[in-house]
Amino acid sequence: MPDSAAPFLQPGVAWALVVVFAVLWIALGIAWGRRGKGDADDYMLAGRNIGLALSTATLMASWVTGNTTLLAPEFGYKTGLWGMFSYALAGLGLILFAPLALRIKQLMPFGRTSGDFIRLRYGRPAWCVFMVITAVYTLGFLMTQAMGAGLLLQALSGFDYHVGMVVVLGVATLYTLFGGMRAVIGTDFIQSLLIMVLLAVVAVLAFRQFPMPEVHAALSLEHPDRLDLLLPAGLLIAWNSALFSMGEVFHNNIWWSRVFASRRSVVMTSFVLGGLAWMSVPMVTGSIGLVALARNLELDQINMVFPVMAADLLGAGGAALVFVVVFASLTSTLDSLLASTADLLAEDVYFKLLRPQATDLQLKQAARLMVLGLAVVTLALSWPRLDSLASVLFFTGALVASTVWPVACGLYWRMANRRAAIIAMLSGSAVGLTAYGLIAPYCAAVFSAAVSALVMVVGSQCWPERFDFALLKEEA
Amino acid sequence: MHSAVMATCSVDELLWSRLIFALGAVVTLATVVMIVRGHLYWQHRDSRHAG
Amino acid sequence: MNVAVPMVATLIDSTWFTIVLAGSQLALVMSVVVLLAIWWVEWRHGRVW
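Chains as they are written, first to last, in this note's numbering: chain V, 1 to 476; chain E, 477 to 527; chain D, 528 to 576.
Hints in this document: simulated from the structure, not taken from any laboratory. Be a bit skeptical, because a hint or two may be false.
SDA-like mimics (lysine to any residue), calculated; alpha carbons at most 20 Å apart, straight line [to be verified]:
1) V:Lys-473 / E:Leu-490
2) V:Lys-37 / D:Arg-574
3) V:Lys-105 / D:Arg-574
4) V:Lys-105 / E:His-515
5) V:Lys-105 / D:Trp-576
6) V:Lys-473 / E:Arg-521
7) V:Lys-473 / E:Gln-519
8) V:Lys-105 / E:Arg-524
9) V:Lys-473 / E:Asp-522
10) V:Lys-105 / E:Glu-489
11) V:Lys-37 / D:Gly-573
12) V:Lys-473 / V:Gly-140
13) V:Lys-105 / E:Val-512
14) V:Lys-78 / D:Thr-537
15) V:Lys-473 / E:Ala-506
16) V:Lys-105 / E:Trp-518
17) V:Lys-105 / E:Gly-514
18) V:Lys-37 / D:Val-575
19) V:Lys-105 / E:Leu-516
20) V:Lys-473 / V:Leu-297
21) V:Lys-78 / E:Glu-489
22) V:Lys-105 / E:Ser-523
23) V:Lys-37 / D:Thr-537
24) V:Lys-78 / E:Leu-490
25) V:Lys-105 / E:Leu-491
26) V:Lys-105 / D:Val-575
27) V:Lys-105 / E:Gln-519
28) V:Lys-105 / E:Leu-490
Generate coordinates for the entire structure from the input sequences, incorporating the hints supplied.
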């Protein structure tokens, strides 16, 4: 949205909403953070016993980012049904991680991070490669969310880019800092309900005004390619979304920390339910993009199609709904990123690498400092405004997709070879990045996963290990 | 569903998109099979030991 | 080779279009209902956290 255009929501109303929700998240976060034993394990993993409701909600909320609410409608608008399907296929990452989650819980009852697994399963050299991949991805993810916060709040309510970014990042940092993983998971539960309920309200109202057969008729006449199930652009991006999401979920500590935080009896179900629940979000928001297209709605920027439709349907109320949804999406993802990445750095780098003699209190303090440090670094890197930030994340698909087979094989195959894992991650990343540059950004994850899988299978068959899974039961 | 003749498209573009779609489908399917087999193997083994 | 060829497309019809879109909205609503139901049962048994 051009800087000079009128905001969807009056700044005064927007500020009121920000203050209300900021106070709510911070107060709840501090209150929930006071539960439990207060040790490092509790701060990082919320007691290792959260139930199905909280576990499902935190997965779903963490996976709904600013992109899900704004990019998915853009996909629907530009690529139609295949755009929506392709985006929704990213839910496969959560669903396919479900059996792995159960296996992780069984093998590593005292585990804390994804880095713990890679170090114990494949050794320090593999851990180094893995940490580089996760660092690049996580930093990119943090930056896109922080930048997204600045850009979206500016577009929706006229906030200055930097002010919006500082507010969203600041709120998420505060309650994560004081409340740890309990604060993150507790607020995620409320944020996930907010997101789903408000999206459903906008969607139902949109199709009451513009029935589906009418939308179909309008699209058939003027934009039939949006209804095409063999659209080449759609075919190209479809499986990339699935494999990119698998790479993100299988390797990143956001999802591993949920595994360790959840009760064993619910962990597998929560990933399946969370994935299924999430898949409905891009389908619904994507369909709103189709309605906007069928109505020939005037758009200054295509990624504003969701707020424009909501404001068109419901006026200022609709704009307020969108603001709340976007604010909830951003904070629910940022808090998870900050908490889990801080835990990874504190456990893997500070404790296991630099100071193995650190006390429990020192570890907890380190985790807290990492939360703050990450927030400051994110703010600094995101300070210059970059408009094309969604594409920043796409190239990380080449890196993270290379970890899918090494992680999964490492959990199930005794013979999974550590050298093969290192070569799989490196070669997969290299081929994926090459495909990104020479073919298309939307196929990087496909090529990366394909090469990584091949190397892992051949390497483990030709030079099989005989790994003892009991070695993963490292005491906390 | 019905078919319609759409705007033209180069052979290259169509071929590439279908090839990459097929590759992506194969890799995704292989990953699913690997995970399901691993999960069932260890579940069966663990239940035998427990029983 | 870059020869232009007419491309035959497969367009989804109105019935399936409605089923897909309505189905996704139903799935979203059911997600909320199921999540709240699970939370309620767990809260009754003190098993939320």
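Hints, one by one, checked against the model:
1. V:Lys-473 / E:Leu-490: This hinted pair is violated, its Cα atoms lying about 50 Å apart.
2. V:Lys-37 / D:Arg-574: The given pair, whose Cα atoms are some 17 Å apart, holds under the 20 Å limit.
3. V:Lys-105 / D:Arg-574: With Cα atoms ~19 Å apart, V:Lys-105 and D:Arg-574 stay inside 20 Å; holds.
4. V:Lys-105 / E:His-515: holds, 13 Å
5. V:Lys-105 / D:Trp-576: It holds: about 17 Å lies between the C-alpha atoms, which stays within 20 Å.
6. V:Lys-473 / E:Arg-521: holds, 18 Å
7. V:Lys-473 / E:Gln-519: Judged against 20 Å, a Cα distance of about 18 Å means the pair holds.
8. V:Lys-105 / E:Arg-524: Roughly 19 Å between the alpha carbons, so the hint for V:Lys-105 and E:Arg-524 holds.
9. V:Lys-473 / E:Asp-522: Holds: V:Lys-473 and E:Asp-522 sit about 16 Å apart, inside 20 Å.
10. V:Lys-105 / E:Glu-489: violated, 45 Å
11. V:Lys-37 / D:Gly-573: Given that 20 Å is the threshold and the Cα spacing comes to 18 Å, the pair holds.
12. V:Lys-473 / V:Gly-140: Since the Cα atoms of V:Lys-473 and V:Gly-140 sit roughly 32 Å apart, the hinted pair is violated (cutoff 20 Å).
13. V:Lys-105 / E:Val-512: holds, 17 Å
14. V:Lys-78 / D:Thr-537: holds, 18 Å
15. V:Lys-473 / E:Ala-506: Distance ~29 Å between V:Lys-473 and E:Ala-506 Cα, so the pair is violated.
16. V:Lys-105 / E:Trp-518: holds, 13 Å
17. V:Lys-105 / E:Gly-514: Holds, because 15 Å separates the two Cα atoms, which is no more than 20 Å.
18. V:Lys-37 / D:Val-575: This hinted pair holds, its Cα atoms lying about 17 Å apart.
19. V:Lys-105 / E:Leu-516: holds, 16 Å
20. V:Lys-473 / V:Leu-297: Violated, at about 58 Å.
21. V:Lys-78 / E:Glu-489: Since the Cα atoms of V:Lys-78 and E:Glu-489 sit roughly 18 Å apart, the hinted pair holds (cutoff 20 Å).
22. V:Lys-105 / E:Ser-523: Measuring from Cα to Cα gives roughly 16 Å; hence the hint holds.
23. V:Lys-37 / D:Thr-537: Distance of about 59 Å is beyond 20 Å: violated.
24. V:Lys-78 / E:Leu-490: holds, 18 Å
25. V:Lys-105 / E:Leu-491: violated, 44 Å
26. V:Lys-105 / D:Val-575: holds, 19 Å
27. V:Lys-105 / E:Gln-519: Within the cut-off at roughly 13 Å; holds.
28. V:Lys-105 / E:Leu-490: violated, 44 Å
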